[in-house]
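**Q** Chains A and B, in that order, give the protein sequences.
For the first sequence, our numbering begins at 1 and goes up steadily by one.
For the second sequence, our numbering begins at 285 and goes up steadily by one.
Keep in mind that the hints were calculated from the coordinates and are not lab data.
Owing to the predicted nature of the structure, the values given are computational and were not obtained by experimental measurement.
Possibly wrong hints are sitting among the right ones.
In silico contact screen, one side only, chain B against chain A (beta carbon under 7 Å); selected entries [what the hints assert, rightly or not]: (1) Thr288; (2) Phe299; (3) Pro300; (4) Ser354; (5) Gly355; (6) Ile356; (7) Gly362; (8) Val364; (9) Leu365; (10) Gly375; (11) Thr378; (12) Thr385; (13) Asn461.
No residue lacks a Cβ here, since even glycine has one placed at the ideal position from N, Cα and C.
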Amino acid sequence: MEENASTAPVLRRIGVKSNPLFAPIHTLTEIRTNRFLVRNLIRREVRGQYRNASLGYAWAVLEPALLASVYWFLFIMLSGNPDKMYAVWVLLGVIVWGCFSKSLNAATNSLTNNVRTMHLVYFPRTIFPASGVGANLVVTLMSCLVILPIIYIYDLEITVHLIWVPIGVFMAGFMALGFGMMMAPLNCVQRDIQHLIRFVTRAGFFVSPVMWTAEMALERGAWGEAALWNPMVLPITMVRHGVEGKLVDLPTSIVLSSIVSAIMIYIVGTIVFSKYERGAVKYL
Amino acid sequence: MTDTSIQLDGIKLHFPKQRNIFGILADFFRKRVRRFTALSDVSLEVKQGEVVGIIGRNGSGKSTLLRVISGIYQPDEGAVLAAGDITLLAGLGTGFSPHQTGRENALLFGSILGHGEEEMLQKLDEIIDFSELGTFIDEPLRTYSAGMKARLGLAVASAIRPNILLIDEVLGVGDPNFREKSKKKILSMVEGASTVVIVSHSFGLMTDVCDRVVLLDHGKIVTIGDPQAAIKAYYDLGEK
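All chains should be built: construct the whole structure from the sequences, respecting the hints.
**A** Structure follows, in structure tokens:
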């Protein structure tokens with residue numbers, strides 16, 4: 001048994017709030033300092049998702065593949081699209097969009113789902129949305145293994161541009177984190193938020209290039225171009241073009257605006273979270 | 285060297301009243317605030333080496349006070365100062381995952397309680413030993429009985445040697461045999477920690493271990509005094 005008497009700890013104030021304006025940076029340092037905890041929480045989440053399933057982690061690949069085959073069938077039936085790669089684009093769209101929507105829902109519900117832990121111990125609450133998003137990133141990266149058989153079947157080349165696959169996935173998760181951190185404190189006050197977000201992620205599925213591609217939108221004139229301002233166009237297209245073996249091929253203005261909005265969403269999200277999280281927790 | 289370990293200066297804590305969006309908007313425009321005062325003007329100084337008990341009826345703010353000290357709730361007014369690391373023992377086994385093994389859960393719970401990886405790996409054997417789980421430690425947690433989970437929780441929690449230990453009714457888990465062992469363990473933690481604050485309804489324990497006892501009622505401190513006097517004040521409260 002150790003005695004701490006020799007190094008008497010000094011009296012310090014508990015629960016001092018750092019300036020919310022530094023939250024975008026503090027969020028990252030907090031995740032870093034608590035990485036052991038984050039890793040354990042992610043593991044709990046991922047294990048929980050694939051528990052007692054004989055196929056286990058294979059479901060991470062199977063689920064989007066089965067889903068994509070349904071969408072593909074539907075789309076071929078409706079429009080008779082001749083592009084043989086179309087099924088692949090839908091599959092990748094489903095994977096990246098799934099990463100975003102699951103991460104967003106996880107981050108939004110992260111505070112309300114962890115009440116018991118929050119009442120037990122204090123650690124930076126950023127950890128909750130971050131590990132929720134982190135778990136979905138891990139699952140999505142596993143899903144991305146489906147790209148390997150695709151490359152073989154469609155006889156694609158393995159190029160350095162494959163690096164855009166994880167980058168696109170991370171960007172989707174990053175946006176979900178920012179947006180979810182905005183919503184998490186609100187959700188503590190009114191649970192309507194989680195229902196609203198679930199609707200947003202379902203509706204967003206159609207507004208985002210999951211069943212369509214940026215190229216298809218560009219052929220449709222003004223409305224199609226307007227649809228490209230959706231910040232999710234960049235990560236999804238990035239992944240698709242990466243698999244195709246090229247750098248993301250979108251108008252520069254679209255690329256820049258997506259990157260800027262991702263960063264803005266993150267900055268606003270972390271600031272909102274750090275400003276309101278303490279008050280929101282009292283509603284739980 | 286100042287020997288104050290925990291200092292509470294005029295703590296006030298309100299809980300917002302839960303209501304729907306229309307209520308929130310109506311209150312906002314009428315500039316009305318509806319809330320519940322959980323703690324009001326709680327001032328307390330705990331010296332190093334002291335064991336302080338908190339008693340009070342249900343809903344008097346005991347657990348809330350411990351949560352304020354550990355930083356879970358930020359007080360609306362007043363300041364909390366503390367010297368050294370704080371551990372709150374409450375709800376043992378919170379955050380356990382039924383699908384992972386006891387060993388993995390020990391690491392998980394340890395990290396939730398704020399331990400680093402090296403520290404946990406170092407203490408793992410001691411934890412497993414104390415939990416008396418034997419070969420069950422590598423079985424998924426869903427196969428455990430309630431008592432086994434509680435044992436694992438206590439084993440992890442008690443592997444900590446914090447400066448300040450806050451205990452919220454965690455005694456009395458498991459079978460009588462283990463309960464005796466856990467009581468001993470907690471008492472040894474109480475001795476090992478430099479400062480302890482205990483919330484309990486077990487007055488026998490309070491008289492045994494506490495130097496001073498605080499009586500809370502409706503979020504206010506009624507008395508601070510030696511255990512016998514505070515317990516007497518508690519019963520007087522009931523008669524009123």
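**Q** Each hint needs a verdict: does it hold in this structure or not?
**A** Now the hints, each set against the structure:
no., hint, verdict
1, Thr288, "6 Å, holds"
2, Phe299, "5 Å, holds"
3, Pro300, "6 Å, holds"
4, Ser354, "6 Å, holds"
5, Gly355, "4 Å, holds"
6, Ile356, "5 Å, holds"
7, Gly362, "11 Å, violated"
8, Val364, "4 Å, holds"
9, Leu365, "5 Å, holds"
10, Gly375, "5 Å, holds"
11, Thr378, "5 Å, holds"
12, Thr385, "10 Å, violated"
13, Asn461, "24 Å, violated"
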